[in-house]
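Enquirer: Please model the complete structure; the sequences and the hints are all you need to start from.
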Amino acid sequence: MPRRVAQLLIGLFLYGAGCALTVEAGLGVDPWTVFAQGLSLRTGIGIGWITNIVGFFVLLLWIPLRQKPGVGTIANILLVGTSMQIVLGIVPPVEGLWAQVATLLGGILVVAVASGLYIGARFGPGPRDGLMTGLNSRLGWPIWLCRALVELTVLAIGWLLGGTVGIGTVLFAALIGPLVHVALPLLDTRRRPAARRTQRGAGRVSTGADATVEPAP
42 MPRRVAQLLI
52 GLFLYGAGCA
62 LTVEAGLGVD
72 PWTVFAQGLS
82 LRTGIGIGWI
92 TNIVGFFVLL
102 LWIPLRQKPG
112 VGTIANILLV
122 GTSMQIVLGI
132 VPPVEGLWAQ
142 VATLLGGILV
152 VAVASGLYIG
162 ARFGPGPRDG
172 LMTGLNSRLG
182 WPIWLCRALV
192 ELTVLAIGWL
202 LGGTVGIGTV
212 LFAALIGPLV
222 HVALPLLDTR
232 RRPAARRTQR
242 GAGRVSTGAD
252 ATVEPAP
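Residue numbers (my numbering): 42 to 258.
I should point out that these hints are in silico values taken from the structure, not numbers from a laboratory. Every clue listed holds true.
Cβ pair distances, simulated, as ranges:
1) A140 to T174: 35 to 41 Å
2) P43 to G137: 40 to 46 Å
3) A215 to W182: 19 to 25 Å
4) P43 to L227: 17 to 23 Å
5) L190 to L216: 19 to 25 Å
6) R45 to L193: 32 to 38 Å
Where is the CB? At the ideal position from N, CA and C, for every residue including glycine.
Expert: As structure tokens, then:
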């Protein structure tokens with residue numbers, strides 16, 4: 042349990058930090074950050090604090106969808122935007138195209154690893170992911186359609202409000218899925234103990250040369 046809690050907290054902090062790097066790159070951000078950025082420009086409230094506020098209101102949408110939040114859901118609302126706001130206040134402005142590209146790609150990579158950490162901790166989905174699974178459960182629409190409709194809607198609204206849409210938005214959409222697909226199996230706290238038990242069981246019944254093979258740590 043302590044390891045899972047630590048993994049959750051580190052993952053959520055890194056998620057916000059990765060999003061902050063994509064913002065600093067200035068080449069376009071993911072749909073929900075475009076939305077938060079647009080609201081931030083219109084209200085004068087920091088984009089990180091807006092991210093937390095949006096997460097809270099998205100959570101309210103779970104009520105008619107009959108979704109139940111987990112510890113990870115609440116932690117997501119509290120930590121991701123806070124981390125983003127802190128990192129945005131620390132990281133200096135990025136100048137030059139190559140520096141922007143490097144910052145963008147680094148941010149996407151950090152978000153992917155962070156996703157593997159907090160999802161792998163298994164404390165419940167984030168408010169935005171829960172909204173999509175709730176729509177799938179209540180309406181019967183496929184997950185990909187729910188995700189596309191929700192993210193295209195917030196992307197359009199955020200862009201109209203002044204959020205940054207660009208090549209970074211496209212790269213985020215193209216890269217984040219494959220990168221999380223790689224990261225999640227490596228960081229899934231439920232999968233790894235199961236694998237260790239299987240290997241240890243195999244070690245107990247093996248003979249001859251196989252008996253000298255140590256189980257994975």
